[in-house]
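Novice: Protein chains in written order, with the working numbering: chain H, 779 to 862; chain Z, 3 to 736.
Just so you know, the hints here were simulated from the structure itself, not pulled from any lab data.
A few of these clues could be false.
Said to hold, decoys possible - The calculated lysine to any residue pairs, modelled on SDA-like cross-linking and capped at a C-alpha distance of 25 Å, are:
hint : chain 1 : residue 1 : chain 2 : residue 2
1    : H       : Lys812    : H       : Arg857
2    : Z       : Lys363    : Z       : Gly411
3    : Z       : Lys372    : H       : Arg857
4    : Z       : Lys49     : Z       : Ala72
5    : Z       : Lys175    : H       : Gly793
6    : Z       : Lys306    : Z       : Ser283
7    : Z       : Lys702    : Z       : Ala406
8    : Z       : Lys316    : Z       : Glu329
9    : Z       : Lys205    : H       : Leu808
10   : Z       : Lys205    : H       : Gln849
11   : Z       : Lys205    : H       : His806
12   : Z       : Lys306    : H       : Arg814
13   : Z       : Lys205    : H       : Pro796
14   : Z       : Lys175    : H       : Thr780
15   : H       : Lys812    : Z       : Asn207
16   : Z       : Lys441    : Z       : Arg483
17   : Z       : Lys175    : H       : Glu801
18   : Z       : Lys205    : H       : Pro837
19   : Z       : Lys205    : H       : Asn787
20   : H       : Lys812    : Z       : Ala200
21   : Z       : Lys205    : H       : Arg857
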Amino acid sequence: MTVVLHDENTIRLIGACPAEDGETLLQHLLTNPKARVDWRGCQSAHAAVVQVLLVSGRPLQGPPAGEFLRQFISPALDRSGRQV
Amino acid sequence: MNEFVEQFLLESRELVAQAIDDLMALEDAPGDRERLDGAFRAFHTLKGAAGIVEFAAMTRTLHAAEDVLATLRSSEEPIASNVLDECLACLDLTSRWLDAMQANSEAPATADVQADDMIARLVGSMDVDERDNSAALPGNGDWLDRLRVAAGNQFFGGLTAVRFVPDPEAFYKGEDPFSIIASLPRLVTVDLALTNDAISLEKMNTFSCSLEILALTREPIAPIQNALRVFAERTEIRQLTLPPAPAGDKAYLAEATSLIEAQVVLLRESGTEGLLGRIESAGRTSANALRYLGRDGAVTDVEKAMTTAQAQRKIEPLAAAIERALEAGTKREDPTTIAPVQVVAPRALRVDMDRIDALVKLTGELLVVKNAVGYAAKRLHDNEDPAAVASALRDQHALFDRLATELQGAVLSVRVLPLRTVFRRFPRLVREIAGGVGKTVRLITEGEATEADATIVDALFEPLLHVLRNAVDHGIEDPERRASSGKPAMGTVVLRGRRDAQNVRIEIEDDGAGIDVDRVRAVARARGVASEEALVAMTDGEAMDLIFAAGFSTAATVTDLSGRGVGMDSVRTTVERLGGTVTLQSRPGMGTVVSLILPFSLMMTRVMTVEVGDQAFGLPLDNVLETIIVGREMIVPIGSGRAFELRDRTIPLIDLSETLGLVRDVTAQHAAKVVLVSAVGQIGGLEVDRLGERMEVMLKPMEGLLGGMRGVAGTTLLGDGRVLVVLDVQEMFR
Chain H
779 MTVVLHDENT IRLIGACPAE DGETLLQHLL TNPKARVDWR GCQSAHAAVV
829 QVLLVSGRPL QGPPAGEFLR QFISPALDRS GRQV
Chain Z
3 MNEFVEQFLL ESRELVAQAI DDLMALEDAP GDRERLDGAF RAFHTLKGAA
53 GIVEFAAMTR TLHAAEDVLA TLRSSEEPIA SNVLDECLAC LDLTSRWLDA
103 MQANSEAPAT ADVQADDMIA RLVGSMDVDE RDNSAALPGN GDWLDRLRVA
153 AGNQFFGGLT AVRFVPDPEA FYKGEDPFSI IASLPRLVTV DLALTNDAIS
203 LEKMNTFSCS LEILALTREP IAPIQNALRV FAERTEIRQL TLPPAPAGDK
253 AYLAEATSLI EAQVVLLRES GTEGLLGRIE SAGRTSANAL RYLGRDGAVT
303 DVEKAMTTAQ AQRKIEPLAA AIERALEAGT KREDPTTIAP VQVVAPRALR
353 VDMDRIDALV KLTGELLVVK NAVGYAAKRL HDNEDPAAVA SALRDQHALF
403 DRLATELQGA VLSVRVLPLR TVFRRFPRLV REIAGGVGKT VRLITEGEAT
453 EADATIVDAL FEPLLHVLRN AVDHGIEDPE RRASSGKPAM GTVVLRGRRD
503 AQNVRIEIED DGAGIDVDRV RAVARARGVA SEEALVAMTD GEAMDLIFAA
553 GFSTAATVTD LSGRGVGMDS VRTTVERLGG TVTLQSRPGM GTVVSLILPF
603 SLMMTRVMTV EVGDQAFGLP LDNVLETIIV GREMIVPIGS GRAFELRDRT
653 IPLIDLSETL GLVRDVTAQH AAKVVLVSAV GQIGGLEVDR LGERMEVMLK
703 PMEGLLGGMR GVAGTTLLGD GRVLVVLDVQ EMFR
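This is chain H alone, in the form it adopts within the complex (with noise of 0.2 Å):
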């Protein structure tokens, strides 16, 4: 298990997440519409992962642990971030 609930404010995403884990994390932050994403335990997320994120627009609780997730996709998605 990479996508944990950890509770009704913070899902929580850990160590390599592949594709898979996007439903697993869609399905979390459609249930609970208020929560944020704490990906600091995160070494490395599969683009499926990352597009949920980028869809859901919700706040990321960061830094990523990965180094990719942290020095290009972190910014990517703040700036989207800030566009929406």
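Position chain Z relative to chain H; hints supplied.
Specialist: Frame of chain H; chain Z shown alone:
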């Protein structure tokens, strides 16, 4: 230089010129097939020539350009301007290689690297072209804009931009588009967007990919294309060549540079205390700052040096590496930088056959005169009537005189080139220079057909480039300022050449802000170019002329373009070395005109002879304004010198015999014979004993031991066999 190379240089320059002509014409009329064919042939022949002298880098580069042109020929589409730009850049590079070859007789060492870069750009330009026409990708024109925003202050220098729209089925197929992007080397930034705006959490299918991924890397286009080969259908890749760092980032750039400089100081501090720590910290900081500046090559270099320094427990390797990086940073490649290749006069020249024929014909006529003179000598020997022989000799002399003049003209015309050969390189350079400082400027050239001596035309490139660069950088205002003063946003610079009596006059006129005389005075005062009293006494015109003084540069901000430590003084020096003068007129708000006045030919000089202390000297007639007789009572001592008044002007007087260290003619005349000359922008008088005649002479420059002698322009032989020393008037009044 061997004969092959010489021939190669000669031919290549012609081909480059022809190709530039064709490409520039294509720029105006992108559908002109004939010009396209012409350019293709020129590139093809140029490539062949490079092959003969075994210049591999040039062959490769031109081959790539030829491929591009061949593709254009087989396509019906009008030619995209970016493709033409790359082809022109390729010719520019070739020209620089040729210059280097001429100076050193061999291909430059850096050619291979430059060739790789150029080939990547050429290939890249075509790719853009093809992709633009393909409908494989949903169009999205503003993606480069978004990348620019995403990259922020990293958006400078050479970059490759990627737009990747993965197959919607990609996730089903088990692909992760991110892993592909993450694998790209030297990534600068990534941006994400959705291809479908209507998508929402409620209605989304997490296994359907609707991502658009944009990425920017510092890697050249070719390896990136290679890495994304499998996804060629779904990617759009563009090579971006941006100015080194946008103006707004100058502060960051300076900050980062000073940070690196500080590391060197830190390292060089004496003592071995905390040596390893210092090395580690200086190395890391420098590497980070360099990375920030986008200088990844230097980062690796510094990091390696840091390991070595730590192993050897010595600071030297690291300090040297950091200094190298700093040095390389200040000399960053930019397309308008012309490598300081030493100017070497071309050793071979192409001459129109008609001009050679004229010389052959004149030679024949001269032989007839020679025979006639011989015949006259024989008649004298046979005791014929001397009066009759003298009359015949006079006729022959007249004929000889006419032929000599014609011969002179014919020889000179062999050495001339039209100004076009140097002018044609500028329209593109000016556009690039203007782009670099965020201005739009058009260059109009006039009088390209004006001819001048080949040596002069060849030496004009550098000074003209410098003046044009100044006009664009400092003369033409920012578009906003132009708009507010009611001028069109696009600035105009006119480069004009014309024949002016014995001279060639070249004017560079801009419609910019003009020169602020008060600022010139202030700067001159601050930099100590002229003394306070001198500044006060100067007219506005004279003050403006200070721009040409050594150590003067008016730019408030030193830019990449003009602030290279060479001011307008280098322009004046070069032009004066060619025997010319530079002047400047400026009207506030209206613009500036810089005029270069050069002799038509370096060979013939008109001189006036004068005598002092029983010796004859020549003064170049171009400097002589008039000759006058001044009464002794009119001459008054001023300071350590003397002066006299003429038409309400005080004119400094130099006694030529005294200056030359000759004995004065003691039979002191009651009036002084004075030659009025103009030198260094002012008028002065030279007192002489006797005035002589005017003549046209072929000036021989001073050579050997006397080569460095100042104040002498050259020598020539007089009719009676005496040597006439021609003085350099400019030098005497300096």
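Novice: All the hints need checking, so say for each whether the structure fits it.
Specialist: Consistency of the hints with the structure:
1. Lys812/H to Arg857/H: Cα-Cα ~21 Å, so holds.
2. Lys363/Z to Gly411/Z: Given pair Lys363/Z, Gly411/Z holds - Cα atoms ~13 Å apart, limit 25 Å.
3. Lys372/Z to Arg857/H: violated (91 Å)
4. Lys49/Z to Ala72/Z: Between Lys49/Z and Ala72/Z the Cα gap is close to 14 Å, so the pair holds against 25 Å.
5. Lys175/Z to Gly793/H: holds (23 Å)
6. Lys306/Z to Ser283/Z: holds (14 Å)
7. Lys702/Z to Ala406/Z: holds (18 Å)
8. Lys316/Z to Glu329/Z: Cα-Cα ~21 Å, so holds.
9. Lys205/Z to Leu808/H: holds (11 Å)
10. Lys205/Z to Gln849/H: violated (30 Å)
11. Lys205/Z to His806/H: holds (15 Å)
12. Lys306/Z to Arg814/H: violated (43 Å)
13. Lys205/Z to Pro796/H: holds (21 Å)
14. Lys175/Z to Thr780/H: holds (21 Å)
15. Lys812/H to Asn207/Z: holds (21 Å)
16. Lys441/Z to Arg483/Z: Roughly 11 Å between the alpha carbons, so the hint for Lys441/Z and Arg483/Z holds.
17. Lys175/Z to Glu801/H: Holds: Lys175/Z and Glu801/H sit about 16 Å apart, inside 25 Å.
18. Lys205/Z to Pro837/H: Status holds; Cα separation ~20 Å.
19. Lys205/Z to Asn787/H: Given pair Lys205/Z, Asn787/H holds - Cα atoms ~22 Å apart, limit 25 Å.
20. Lys812/H to Ala200/Z: Distance of about 21 Å is within 25 Å: holds.
21. Lys205/Z to Arg857/H: holds (23 Å)
In this structure, the earlier hints numbered 3, 10, 12 are contradicted, and the remaining ones agree with it.
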